[in-house]
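Okay, here's what each chain looks like letter by letter:
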Amino acid sequence: MSMAQQAEPAVTTPPAPGPKQTDGRTRERSVALRVLARPEVGVFLGAVAVFVFFLIAAPTLRDGGSMATVLYQSSTIGIMALPVALLMIGGEFDLSAGVAVVTSALTAGMLSYQLTMNVWMGVVVALVASLAVGAFNGWVLVKTGLPSFLVTLATFLVLQGVNLAVTKLVTGNVATDDISDMDGFDQAKALFASSFDVGGVEVKITVVWWLVFAALATWVLLRTKYGNWIFAVGGSQESARAVGVPVTFTKITLFMLVGFGAWFVGMHQLFSFNTVQSGEGVGQELIYIAAAVIGGCLLTGGYGSAIGPVFGAFMFGMVNQGIVFAGWNPDWFKAFLGVMLLGAVLINLYVRRAATRR
Amino acid sequence: MTSKTPAAPGTHGAVLADPAPEQDRPLVELRRAGKSYGNIRALHGVDLTVHPGRVTCVLGDNGAGKSTLIKIISGLHQHTEGEFLVDGEAVRFATPRDALARGIATVYQDLATIPLMPVWRNFFLGSEMTKGPWPVRRLDIDRMKRTADEELRNMGIVLDDLEQPIGTLSGGQRQCVAIARAVYFGARVLILDEPTAALGVKQSGVVLKYIAAARERGLGVIFITHNPHHAYMVGDHFSVLRLGTLELSAARAGITLEALTNHMAGGAELAALKHELAQVGGVDVEALPDDAGAAVKPAAPDTADRTDAAKSDAAASDSTASGTAEGKA
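Quick note, the sequences are listed as chains V and E, same order.
Counting in this note's numbering, the first sequence tops out at residue 359, every number present.
Counting in this note's numbering, the second sequence tops out at residue 354, every number present.
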């Protein structure tokens, strides 16, 4: 399930020199079986299928500009799908992830505007607030042992209410004031919401961030102690604790990573639209979770990858834009998603059973 | 129980003929130790010593206090009476980590492996090898795989593919990986909680071999089991627990397999049960072994086996067959 970037030979050669002796009871799994056992294989094939399908069904999608739009759409989901996937591998999920994005954006927007500060102050405070929400989720979960569904459902409801109520209280409106003429806005926009030119096609910077974060997450997951711990706490929390894995630390920091993702996407929304609608974000958390599950992460934890959700998010972007470019009624989008989700889950289930069968 | 018949010919008899000389200091020692949960006394007045290179077997029926005993030694619970000494020094562990720090490692039946993780990741979980300075400090995967493979080979376990999820290994193999792991990470005392209980005949044999291998390496082993045949094959000292107290504590030279089996099977209780069954009728009491409970006259081996099989649950009776077969080999 690991070793996404590692070449096959490292696996097949026995680590120790000397004659290879076996007792005839274990047999090396075939290459095909080991490739299939990787969590991102199913979703990769799915993404290719969707990609090819829409290239045929919607000829206008073959244009570079349309592809940039698809990638942009994918990146805004994909950046959040990454920490949500890591958390899921760690055995938990976060229903508050969708509204947490808006909470972060509102915090930065309102704080900067009301106190007439440099927007960077708002950005930093929003980061602290987002990490604190994540830490709170994790802390309550670890201390009470309640399922993450309940803990984060509560956070979800609280944040949803606070977003609306505080925004109305502060601005007298459902949206924050425009911050585009404030100090530091241009710098922050360059970081979070700018775009650049690639061969005449305008590409949003979030696409770059998305891929950078995905590479980082993959490295952490497969090449560091912390990554090992994520798999362990998701696979069997009690066993992990018994062999000395810091379960509490791992779970709390995973929730804080989701907070970080919410902050980043929140900042992107703030600096691309200059204002934030306080009622947004509801339902997005399920999209992130779906992208992670389609990406091959096991909902119950202990299995998955960071590359899978990248393809999962890409499928979302592709279907979303593909339906528009194909000239179909966009109302079909959710139905399409549902079918994709079910298909992905079934394929993953089948593949995992086939690969781990003795 | 006091019969001085020479030790039954087992696989082990030749390896360690003489009992423990008293001069070598025990690694772990319990003196009149006990544990009460509220007003329930789970364990009372238990003496136990573990010497390096010796296997101490703790036998007992369900509810005899075996688990409580392990939990005290492994640091999950604290004793409420008596003394608990490690290297001659009185201790009281707060967490399993304290016990690990003193070299006491516990291998639980299922606990401590993550089924979907590869073998080598499981081997080093919680104590990973890393390389490089902090921001890019990463797992030293080659070294971990090499080390895991070496250590497993040292214990006689050969796996083709350390990358396979540990859940695809058999129960016995997983148990052995856990033992090899504990040995590698510097355990001096190995507590094995019913390692053969859920295993088939062959797999039990594999685990018993590793217990012997751990002993050869000079570890003190506490082997918890309710199968006297398994215990007798590797044990140097036998303690039988019964209702929270020590019913029997005997060195290998001082007890036969038959006597041990009878103790384990419930001795006098079985005789009473036989008497009751006779009154109920429908049970062919005459076919039952005569005077199964009393160990005064050693019962024939096959008789002892049947007594045991009658007492043990289905899983144990499976392994009883192996115990008999291998014990006579």
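Calculated directly from the structure, the hints in this document are not laboratory data.
In this text the structure is predicted, and so the values were computed from the model without any measurement.
Possibly wrong hints are sitting among the right ones.
Restricting the straight-line Cα-Cα distance to at most 35 Å, the calculated cross-link-like pairs of lysine-lysine (DSBU-like) are [said to hold, decoys possible]:
| hint | chain 1 | residue 1 | chain 2 | residue 2 |
| --- | --- | --- | --- | --- |
| 1 | V | Lys144 | E | Lys156 |
| 2 | E | Lys227 | E | Lys156 |
| 3 | V | Lys144 | V | Lys169 |
| 4 | V | Lys335 | V | Lys190 |
| 5 | E | Lys227 | V | Lys144 |
| 6 | V | Lys335 | V | Lys169 |
Results of checking the hints against the structure:
no. : hint                : result
1   : V/Lys144 - E/Lys156 : 33 Å, holds
2   : E/Lys227 - E/Lys156 : 40 Å, violated
3   : V/Lys144 - V/Lys169 : 34 Å, holds
4   : V/Lys335 - V/Lys190 : 31 Å, holds
5   : E/Lys227 - V/Lys144 : 43 Å, violated
6   : V/Lys335 - V/Lys169 : 31 Å, holds
Violation of the numbered hints given earlier is confined to hints 2 and 5; the remaining hints are satisfied by the structure.
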